[in-house]
Every structure is written in C-alpha cells, then in structure tokens.
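Order-wise, the sequence lines are chains L and S.
Per my numbering, the first sequence runs over residues 79 to 489.
Per my numbering, the second sequence runs over residues 79 to 489.
Incorrect hints may appear among the rest.
For chains that are exact copies, the list does not tell them apart, and a pair is met inside one copy or across any two.
Cut-off 30 Å, straight-line C-alpha distance, at most; resulting in silico cross-link-like pairs (DSS-like, lysine-lysine) [claimed, not checked]:
1. 257 <-> 302
2. 257 <-> 128
3. 344 <-> 399
4. 128 <-> 222
5. 240 <-> 257
6. 274 <-> 459
7. 459 <-> 399
8. 344 <-> 488
9. 302 <-> 248
10. 459 <-> 302
11. 302 <-> 235
12. 302 <-> 222
13. 257 <-> 344
These are calculated hints, taken from the structure and not from any lab test.
Since we're looking at a predicted model, the values are computed, not measured.
The chain contents come next:
2 protein chains.
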Amino acid sequence: MIAEILSVGTELLMGQIANTDAQYISRRLAELGIAIYRHTTVGDNPARVKEALGEALSRSDIVITTGGLGPTEDDLTKEMVAEYFGLEMELHRPSLDAIIARMTATGHPMTENNRKQAFFPVGATILPNAVGTAPGCVVEADGKAVAVLPGPPHELKDMFEKQLSPWLAKRSGAHIESKFLRVFGIGESRLETMLKDLFHTDNPTLALYCGPGEVQARITAQAKDSETALSMIAPLEDEIRRRLGEHVYGEGVDNSIEKTAFTLLKQRGETVTFAESCTGGLLAARLVGVPGASEVLMESHVTYADAAKARVLGVDEGTLKEHTAVSEPVARQMAEGARRISGADWAVSTTGYAGPDGGADGTPVGTVYIAVAGRGGTVVKECHFRGQREYVRTLAASWGFNLLRLEMEKN
Amino acid sequence: MIAEILSVGTELLMGQIANTDAQYISRRLAELGIAIYRHTTVGDNPARVKEALGEALSRSDIVITTGGLGPTEDDLTKEMVAEYFGLEMELHRPSLDAIIARMTATGHPMTENNRKQAFFPVGATILPNAVGTAPGCVVEADGKAVAVLPGPPHELKDMFEKQLSPWLAKRSGAHIESKFLRVFGIGESRLETMLKDLFHTDNPTLALYCGPGEVQARITAQAKDSETALSMIAPLEDEIRRRLGEHVYGEGVDNSIEKTAFTLLKQRGETVTFAESCTGGLLAARLVGVPGASEVLMESHVTYADAAKARVLGVDEGTLKEHTAVSEPVARQMAEGARRISGADWAVSTTGYAGPDGGADGTPVGTVYIAVAGRGGTVVKECHFRGQREYVRTLAASWGFNLLRLEMEKN
Chain L
79 MIAEILSVGT ELLMGQIANT DAQYISRRLA ELGIAIYRHT TVGDNPARVK EALGEALSRS
139 DIVITTGGLG PTEDDLTKEM VAEYFGLEME LHRPSLDAII ARMTATGHPM TENNRKQAFF
199 PVGATILPNA VGTAPGCVVE ADGKAVAVLP GPPHELKDMF EKQLSPWLAK RSGAHIESKF
259 LRVFGIGESR LETMLKDLFH TDNPTLALYC GPGEVQARIT AQAKDSETAL SMIAPLEDEI
319 RRRLGEHVYG EGVDNSIEKT AFTLLKQRGE TVTFAESCTG GLLAARLVGV PGASEVLMES
379 HVTYADAAKA RVLGVDEGTL KEHTAVSEPV ARQMAEGARR ISGADWAVST TGYAGPDGGA
439 DGTPVGTVYI AVAGRGGTVV KECHFRGQRE YVRTLAASWG FNLLRLEMEK N
Chain S
79 MIAEILSVGT ELLMGQIANT DAQYISRRLA ELGIAIYRHT TVGDNPARVK EALGEALSRS
139 DIVITTGGLG PTEDDLTKEM VAEYFGLEME LHRPSLDAII ARMTATGHPM TENNRKQAFF
199 PVGATILPNA VGTAPGCVVE ADGKAVAVLP GPPHELKDMF EKQLSPWLAK RSGAHIESKF
259 LRVFGIGESR LETMLKDLFH TDNPTLALYC GPGEVQARIT AQAKDSETAL SMIAPLEDEI
319 RRRLGEHVYG EGVDNSIEKT AFTLLKQRGE TVTFAESCTG GLLAARLVGV PGASEVLMES
379 HVTYADAAKA RVLGVDEGTL KEHTAVSEPV ARQMAEGARR ISGADWAVST TGYAGPDGGA
439 DGTPVGTVYI AVAGRGGTVV KECHFRGQRE YVRTLAASWG FNLLRLEMEK N
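The shape of chain L in the complex, shown without the other chains (with noise of 0.2 Å):
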C-alpha cells in the first residue's frame, strides 16, 4: 500500500506550528510497513485543498489529511473530500450527540458551527473522537481510500492509535502489536551494530527511538490476531534483552528513567536524596516531575561552589584542595554527606565540568564523576560526556538515576 499525507492548515504555511502530525503519521505508518512518498501542506483554501487531494490519490492508495476539522468556515477538508468524489454531506447523528455531550460537560455553549462537524460525506467511515469534538472519518471511492483526521496533535494521535491503525490493520486483514523496550546507556550506532541482524524482517518489525542518552526500541507484529501478533513479538523481545542484559531499565512509551527510578523507590519503601553541582538541580527536577514524588524526596542540595560543598554537605576541605571539586573522592563525600544530613536510604551526586570550559588543571569539558551511596557502600562513575552543556547536564542527571537504578537492583 501507498500513502501521502495532505496537511491542511495556513498555521503551517505561516510557520507558526511544525508539522508534527506528518512526522507522527509517518513514522507509524513506516511501522506498519506502509510505504509514504510525500508530504503536503496547503492552507485552508477550498481549491488548493481540492486541488492536491487529486494529486495525492493520483499517486497513491491512501492519502491521510490532517487539519481543517474545526468548527470555523474556514475547515474545509471533509468538504473537498465530498466534492471531490462527488458525494453529499449527511448527518450523523451519533456524533452531533457526542459533540452536545462534551460541550455541555465543558460549559461550552453549543454553536451551529458546531453542527458543521457532525456532517460527513454519504457512506464515511466515522473515526470518533476520544479527546475532542472533531470527529474523523474514513471515505472509499473508485479504489482509493482518505482518512480525514484533526489536526490538533494529541487528538490526532489519540484518533490514529484507537480509530486508524486498526482500520488499516483490518483492511490489510491483521490484528497489530507494539511492545517498547526502554534502553540506556548504549549510543544508537552501538545499538544499531549490535542488533543490526534483527532489523532484516518485515513482521516484527524492530524501530528505534532515540533521546539524549536512551533509547527506545519498538517491536510491531501483524497477525491475523492479537495473541499470534504477540506470540511473534516475544522471541524477538527476549533476543534483544539477551544481548543488552541491564541496559534495558523497562517498558513502555511513558517510562522514563527517572520513573524507573521513582517506581522502585516506590517499591521498596526507600528514600533518596541528591547532591548536584554541575547537574543543579536537574536529577531532583526531574524527579519531582513524577507525580507522587513527595513519597521519595523530602530534601535535595544544590552545592555549587566548594565552600557550599564542605559546609552543606561536610566534604573535607583537604580533599578539596588535593583533588579539586570533579573527582571521585568528592563524588563519593558528596553522596555520602548528603545522605547523612537527610537521613534519605539513598544520594546520588554529580560533580564536573559541563562546559563550555574544562578543568583550569587541563581536566576536559564533559568530565562528569556521579556517586550512588546507600546502606551497602557508595559506587562513582567517571564519565565522558561530548556535547554541548545543556546536553552534558541532562546525560550526567539520566546517568544518575540510572547508576540509582542499577544499585537498587543489586542490592
């Protein structure tokens, strides 16, 4: 099968929004083994809408439109959808209902403008909509198929994932799995070589998602139902954690490492604490974004210069001198004090230069010693970060809860 996608919004065309939509579409529809030759944007002009909907289904199977699902005069796309295949709108009357009940439940006063969006081409396909009031809809005529979807991201996806994908995998006569595993501490070229036989099949799949220090790989199976779709995920699933072994911390497409992290704290009934100098404040930030926190940080110690090192945490001046505050016996001090002065089960601390300069002793820029102390001892890492000091700042906080992570599943 062969898709476009014709994005419909002057807020596109203006600059004012990237096109995240087509980026999302796209990278779900290259999952599912679809192939995508073209992108498209236009406004919300009636004939340009039109005009590249002809060129689209001209060259492919399934043009997906996103955008122009609104309530104003100016949302069109379901309209040219209708005119270009020469059908008529029709009420539906399942979703006007929709539409009123979470206007209603919103306080929104019901317009006729709102009316607009429960009308669809005769003989649609309706994609209701969990998380607004834009319905979608699918239309088939002389061989070809649109999707109409909304143009707001999160409705968008939500839309894709219930409504689009299974449509696709009907069509196609398949039941599809995703399974994500959560990986950290392995650079993406890395990954690649080390599963690079595994990415030679088309069913499962195997895709993968980078961020700063992590990745995310992405299993999708099609079947002609769900369990042998996942029964086809599983062996791959173990292969790959055969071959990483720790470096997967967990699944999921929402679960971060400072989750992780959170979770087992969470778990075990524990404590932690952080002492940060060139991360400041960055480990217990993103802790704190995890709601629920307050059961596992009461306190956290930003200590940026040495005398704020000695003095909140009670590193010794001595070591200070000697070996300057990015060292690993300032590392361990700090994770040690900081978990005496909280009384937490745990402290991890980070102590280097982020840039943009090194040491004034030739110690390099992205040099970074992060400590984990608990019960059992206190373990440093010294690491090597390359980058810019935003960049460093963020590995050097993830490598925290990751080094955290590891010791709780040590000990």
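Based on these hints, arrange chain S on the given structure of chain L.
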C-alpha cells in the same frame, strides 16, 4: 512574490525528524512579506525530486529547497536543479578550499564525496556555509529562482539569515532589520488585544512568538538601507514599551528570563539562592544552564517535605501546621531562611500544588506562592496557574526569575 518549500529527505518521510526547517523558513518568509502556498516533502529519490521541483516552479516565483546537499550518493538536490534547467555542474574553487579547510580543522579525512559538495549548476550564486561543509546556492532561470539550502537546522538558519535573507532583500531592493522584545507576565491573547492596532501595518511588521508565560515580539522593517529600517522600528518599539511597561524584560532572541536575572546579578556583584518546593530544583537547574552561573549561585535547596522546610530552612513548625506548607507565610519563611543559611544576597522560594492534586484543605491545583527575599525585605506573590504539572512548575520557576528581576530593578 510567491514561494514554495520543497523539503528533500527520506528521514522526513520516515518520520525520524519533524520538518522544523519548513516551519522556520515559512515564518521568516511571512515576516518578509513573501506569500507561501505550499510545502512539499519527497525522499532522496532523483525522479521524485525533479518532478516535485517542476510542479512547485509551475505555481511559484521561487522554490526554496532544504536537504540533499550532503556528501553521499543519495544527496542529489543540486544535481536535479541543474538537470531541470538543463545546466552543467561546475567546480566552485573557493567552496572546495573552504571544505578542505574545514575538514582539516576538524581532523576528518577529505574524501572524493566531499569534493561533490563544491560543484554547482553553472551560473549559480553560491551561498557559503559558515557552520558546515555544504554550501548552498541560488539558481535563476526562465524568470524563476531556486534557492538550495542544507537540511541540518543550524546550518539552514545560519545560511538563511546571513545569505538568503539579504539576497531576497536585494532582489526586492530592500534592507531588512529585526528587533526582538521579550515580554513576561502577559498572556498571548491579552497581549494581542493590548497591541491590536499595531499589527495592521505591512512595514514594519509585528509578530508574536509565544512560550510558557512569556511572549517575544518581533518587529521587522524593510527599507532602502539599514539605518532607515532601524528608524522605522524605533517608534513602534517605543510604543510597545510604553504600553507594556515593566513587562518588557529584555531584548534579543536568546535572552531568557533566567539569563536576564543572571546578568543583573552579575552586574551588581550579587548572589542568589533558591528554596524550592513544587519547582523541585527547576530554578537552580535553569540558572545553572546559563554559562558563568557559578559567579552568582553558590548553593540551593529543595525542601519538598514539611520536615525539610523546618529543619533545613528553619521554617516555623507552628506556621506550617497553622497555614499548611502552601501559604504566604511559609513561602516568606522559606526565602528568608534560605537567604540566612546561604549568606546569599537574594533568595527565591516556591511552594504550591503543581498537580495532579490540589491541597487536602481545598486549595486548588495550580496555586503557588513565590517569595523573593533581599536586603530590603521580602515580597510574596500568590499565583494561580492552569495546566498540567510540568507546565505549572515551568511557569512557577519563570515567575520566580521575573519577581527576582523586578525586585532588583526596584532596589
């Protein structure tokens, strides 16, 4: 003048990256008063690039391409432009010298493929690349123009600003100047209302760029020379500053609210510390994100639990019990305690409900108290933010820097 953007790159069709280049160019063209009716994206496929180029040129005066200028065999944008217009490719010696110099400086071996990057369609205007190996070019033929730009966003932006923008201005016989004003503490829609009558001019133009809690106003003017353009910006800038008063905190595209606070502190030779509850380290982390932060921040504390507020900062336990941790007096005592224990000139505290839940006493989610303590006393602001946990925390931290900035300006 009517323009189209043609983005070339299989990584865009696969959804590996979002097309932020198209957004950037669109925004800048809108500011320059150039109409744009369509974006097209195709993969690294010579036939499809040429086909899409022809279609785009049939509808517009200028086509701006991005991507496909790399050293690999896949990278064929320039070659397809030449083929479309029936032009030969020729070596541009200064570009080759620049590529050799860059490869030598970065210690990379020069390959035959890199030589390819110095070849251009005969007669093209070369656009040097100040931050990468791939120069761009403008090819003019048949009364139309094609501007060929590199794909990596930092190279694209640099080349657009330094090379293509002046070329476009020269073509239209105009000089273009821009000025950014940074505005804090007024929402986008209120700001639009306050400045409504100022948007209705073509030259200078006024555009708003929105971020969490803040807005940037960009004023752009075109004139026969730079001085005239600047003199057209000045009265509009004065009027905006008059209407927005202390809400304008700075100028320039890179000048964040924390950088403004940092610069003020540095100029005054003063230091700051933070006592963070709901922001959980964000204030410290954002300040440490500014290079040179060690001059103004020695230490900072996250006191998430009530007991930590009392023990670390000396907040009175009776006050905590009577008013709860999310209250004006606790915010005040947190800031004053942090200032006392650190010896810093200024202290900023935050305490509030970031979500998902509000207080057990019925205090609504989004309620945050922010205090700034200084030599001259303490001010406390009660804020009511609406949004998700991350958004509330980001706004609270930004407001902390804004209040600190206002206090410094007063004292």
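Checklist entry - Given a CA cutoff of 30 Å, do residue 344 and residue 399 count as a within-copy pair, a between-copy pair, both, or neither? => result between (38 Å within a copy, 26 Å between copies)
Checklist entry - Between copies, within a copy, both or neither: which fits residue 257 and residue 344 at Cα up to 30 Å? => result Close inside one copy (25 Å), not across copies (50 Å); limit 30 Å.
Checklist entry - Given identical chains, is residue 302 near residue 248, meaning Cα to Cα at most 30 Å, within a copy, between copies, both, or neither? => result within (9 Å within a copy, 62 Å between copies)
Checklist entry - Under a CA distance limit of 30 Å, which applies to residue 240 and residue 257: within one copy, between copies, both, or neither? => result within (16 Å within a copy, 45 Å between copies)
Next on the checklist: At most 30 Å between CA atoms: does that hold for residue 459 and residue 399 within a copy, between copies, both, or neither?
Outcome noted: Close inside one copy (21 Å), not across copies (42 Å); limit 30 Å.
Checklist entry - Between copies, within a copy, both or neither: which fits residue 274 and residue 459 at Cα up to 30 Å? => result within (29 Å within a copy, 56 Å between copies)
Next on the checklist: Within a copy, between copies, both or neither: which one fits residue 459 and residue 302 at a CA-CA cutoff of 30 Å?
Outcome noted: Neither, since 48 Å and 60 Å both go past 30 Å.
Checklist entry - For residue 302 vs residue 235, is the C-alpha pair at or below 30 Å within one copy, between two copies, both, or neither? => result Within one copy only: 24 Å inside a chain, 48 Å across chains, cut-off 30 Å.
Checklist entry - Can you tell me if residue 128 and residue 222 fall within 30 Å by alpha carbon in one copy, between copies, both or neither? => result Classified as both: same-chain Cα gap 15 Å, cross-chain 26 Å, threshold 30 Å.
Item to check | Homomeric proximity label, residue 257 with residue 128: Cα distance no greater than 30 Å | outcome: neither (38 Å within a copy, 39 Å between copies)
Item to check | 30 Å Cα threshold - placement of residue 302 relative to residue 257 | outcome: within (17 Å within a copy, 59 Å between copies)
Checklist entry - How would you label the pair residue 302, residue 222 (within, between, both, or neither) given a Cα cut-off of 30 Å? => result within (23 Å within a copy, 53 Å between copies)
Checked against the numbered hints above, the structure breaks hints 2, 10 and satisfies the rest.
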